[in-house]
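The listed protein sequences correspond, in order, to chains A and B. Heads up: the first sequence begins at 1 in this note's numbering, then just goes up one per residue. Heads up: the second sequence begins at 1001 in this note's numbering, then just goes up one per residue.
These are computed hints drawn from the structure, not numbers from a lab. One or more hints might be untrue.
[To be verified] Which residues of chain A face chain B? A few of them, derived with a C-beta cut under 8 angstroms, are:
| # | residue |
| --- | --- |
| 1 | Leu19 |
| 2 | Ser23 |
| 3 | Val99 |
| 4 | Pro280 |
| 5 | Leu292 |
| 6 | Arg323 |
| 7 | Ile325 |
| 8 | Gln329 |
| 9 | Ser337 |
| 10 | Pro341 |
| 11 | Leu355 |
| 12 | Gly380 |
[To be verified] Only part of the chain B face toward chain A is listed, based on derived beta-carbon distances under 7 angstroms:
| # | residue |
| --- | --- |
| 13 | Arg1044 |
| 14 | Leu1046 |
| 15 | Gly1071 |
| 16 | Pro1103 |
| 17 | Leu1129 |
| 18 | Gly1277 |
A virtual CB, placed ideally from N, CA and C, is assigned to each residue, including glycine.
There are 2 protein chains.
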Amino acid sequence: MAGRHSTLNIQHSAFNISLSSLSTPAFLVDRNIVEQNCLRMRARALSSGVAFRPHVKTHKTIEIGQMQHGGAAGPITVSTMAEAEFFADSGFGDITYAVPIAPEKLPRAAALAARIERLNILIDSELALRAVEEFHAANGTVFDVFLKVDCGYHRAGVDPNDPDSARLAMAIANSPAVHFQGLLTHAGHSYNASGIEEIRRIAAEEIESLTRFRAILGIDDLTRSIGSTPTLATADTFADTDEIRPGNYVFFDAFQSTLGSCTRDEVAVSVLATVVGSYPERGQAIIDAGALALSKDTSPDHLDPNFGFGLVCDVNLNPLPARLIALSQEHGKLATSVPLPVGTRLRVVPNHSCLTAAMYDRYHVIDGGNIVDEWRPVRGW
Amino acid sequence: MAGRHSTLNIQHSAFNISLSSLSTPAFLVDRNIVEQNCLRMRARALSSGVAFRPHVKTHKTIEIGQMQHGGAAGPITVSTMAEAEFFADSGFGDITYAVPIAPEKLPRAAALAARIERLNILIDSELALRAVEEFHAANGTVFDVFLKVDCGYHRAGVDPNDPDSARLAMAIANSPAVHFQGLLTHAGHSYNASGIEEIRRIAAEEIESLTRFRAILGIDDLTRSIGSTPTLATADTFADTDEIRPGNYVFFDAFQSTLGSCTRDEVAVSVLATVVGSYPERGQAIIDAGALALSKDTSPDHLDPNFGFGLVCDVNLNPLPARLIALSQEHGKLATSVPLPVGTRLRVVPNHSCLTAAMYDRYHVIDGGNIVDEWRPVRGW
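Based on the sequences and whatever the hints tell you, model everything.
Dropping the structure here:
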């Protein structure tokens, strides 16, 4: 795997070529910005005295996983079993699989749990607990379990105000089949906020929901684990919580900068593209980056309904008066008020870096306009 | 590459396992339906006496590329240079790269053209013609060229009613640097049609635009190449054209069946998923297939604005009273009026099979509820 240990020997890298020689579309990662983003979040976690378990689903690479922990293979959060196994293979031994587990995945999870220090799995239903207990009865595995709590996002998780939720929690606490490690929530609704004030209000609810629910349960040693990049990136410090799980902050994206989670200079990624069609008579152009090169998430429509499918910039990341108005499989359609002749190179800052990064088998790592490395993410499930 | 020649020895396949043992999410391809879809389109092309150059971008596999031609490695259309090279490596020697070429890709295209019988490239601007001519002057390569014509979709292509377009065509015709092979158009706006009648009107324009433009040029031996799955799948026969390039028809999808390009029984693909969260108190559930397992294209919003991110079915493909109302990276959120307990297996018919298929490193090929093979698509650019 190319570039795995590249941070050690970058002066001798074979990748020291110019951006202009790269074939398009290509996914560019600015190493210095990723490093700064990683340093800043980790420093705030350390100074707040909370455990730091960053999510790796945004980047899916060993290189950035280590960067998130200042070079170490520290505790991480994953969104697929493939990620869990990939990072375990590189020495990451403390992993939370933060999607409610499907019963069919228990054998695979047990095999992984047996070879690392800790695999936390997530459940939020009596049926899932029963599946874990049946697996325990048949195989002896004692899983480390977090209970997923819904702090208002209404995707997964139990309602902390529902007495049934406390009953499920107590059933987990009393089950000999599991170790009840903690409560986990994700304030995904912070992505729909209209500004920093609303994000901070959601952040307070995210924290408060777990503290309140834990008090109801009366189990003081349950870890309270929170995490969404908007709520964490806009906080000065982390209080009244035990663990944070930010993910998108390593790259950020056009969505996060529009929302106010970061500045535009803190966005670490872009898609390099080439203009392949130019139609000045209708104020349009076509680039060779379509839905498969950019993914199709929109910007925060509630803040800027005309943003388009990414921020269109020149090769130096200066925004252009052009909007990506449509994506088909391999074509990106621009409405532009400046001429963009065929052959022009552009960079598009993606709306949602997690989904865009996942379209690529390799990332081109840049430093000062040169390709200095190549990182390969894990794929699939 | 597993399963490459599997159609020859399927009785002895190692993949003869049950669907219920498959880990989710998984991309399922019904072999019999793909074969029927391939047979039907090819038969109509042959009986109409038009050249058949199907697109392979929907499936990106050698297996289906051969199926499209009744087992042979016939003429194909591709959307990336990676597809062109992948199919060339398996004996496909007559390829049209149907995206306007970026000047930076000419060396790679020339290298491919030198090792196969025919590589047609696409241009639609004087700048691109100049780049091809400069490449010819430096390297001697004589490219086979199609001129992209805009028949109303307004993505790429020259306006056939603009005198500048005829001037560009004549410049191509008179250039010693290229062989002018033909005119190519794509009626992508047929996807926005409101029914069969409108699709047929667009199909007529698609054909007519090339015939009229060729008459203006007075170059009778230019191939007129058309292609969009809605306009081709709803035609009884193909007249007044020379070549068709359908692609999506091999799989079809929920979009095409809603639009009327196919019946629901003709859709060959689905994503197998597992319910991982169940919230009957709010009429919702979560599956382990999110944006990375399904892609985020919507249905034809103009026909059914509440369709959601795919058609939700049980494991036997019977539609359920459930809608996929949101996708995040690895979660699909369902609004459902029936209980869907944790562990329930579902199949989601994707809205846009081209984008969904491209999310997978392998396809699970099914026949009567069993996995009978595994096909691997080419990825990237």
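Comparing the hints with the structure gives:
1. Given the 8 angstroms rule on beta carbons, the hint for A:Leu19 is violated: about 12 angstroms separates it from the nearest Cβ of chain B.
2. Taking 8 angstroms as the C-beta cut-off, the interface hint given for A:Ser23 holds, the closest approach to chain B being about 6 angstroms.
3. The restraint placing A:Val99 at the interface with chain B holds, with a minimum CB-CB distance near 5 angstroms, inside the 8 angstroms limit.
4. Evaluation of the A:Pro280 hint against chain B yields a violated restraint, the C-beta minimum of about 10 angstroms exceeding 8 angstroms.
5. Contact between A:Leu292 and chain B, as hinted, is supported at the beta carbon level, the nearest pair being about 5 angstroms apart and thus within 8 angstroms.
6. Given hint, A:Arg323 at the interface with chain B, is violated; its Cβ is 15 angstroms from that chain's nearest Cβ, farther than 8 angstroms.
7. Proximity of A:Ile325 to chain B is violated relative to the hint, the smallest CB-CB distance being about 11 angstroms (cut-off 8 angstroms).
8. Taking 8 angstroms as the C-beta contact cut-off toward chain B, the hint placing A:Gln329 at the interface holds, the least distance being around 6 angstroms.
9. Below 8 angstroms, beta-carbon pairs count as interface contacts, and A:Ser337 has none with chain B, the closest being about 17 angstroms; its hint is therefore violated.
10. Against a cut-off of 8 angstroms between C-beta atoms, the interface hint on A:Pro341 holds, since the closest Cβ of chain B lies about 6 angstroms away.
11. Here the hint on A:Leu355 is kept, as its CB sits about 6 angstroms from the closest CB of chain B, short of 8 angstroms.
12. Interface hint at A:Gly380: satisfied, since its Cβ lies 5 angstroms from the closest Cβ of chain B, which is below the 8 angstroms cut-off.
13. The criterion of a C-beta within 7 angstroms of any C-beta in chain A is not met by B:Arg1044, whose closest approach is roughly 24 angstroms, and the hint is violated.
14. Hint on B:Leu1046 is violated. Least Cβ distance to chain A is approximately 27 angstroms, over the 7 angstroms limit.
15. The criterion of a C-beta within 7 angstroms of any C-beta in chain A is not met by B:Gly1071, whose closest approach is roughly 26 angstroms, and the hint is violated.
16. Against a cut-off of 7 angstroms between C-beta atoms, the interface hint on B:Pro1103 holds, since the closest Cβ of chain A lies about 5 angstroms away.
17. Checking B:Leu1129 against chain A: minimum C-beta separation of about 10 angstroms lies over 7 angstroms; hint violated.
18. At about 4 angstroms, the closest approach between the beta carbon of B:Gly1277 and any beta carbon in chain A falls short of 7 angstroms, and the interface hint on this residue holds.
Of the numbered hints given earlier, the model fails hints 1, 4, 6, 7, 9, 13, 14, 15, 17; all others are met.
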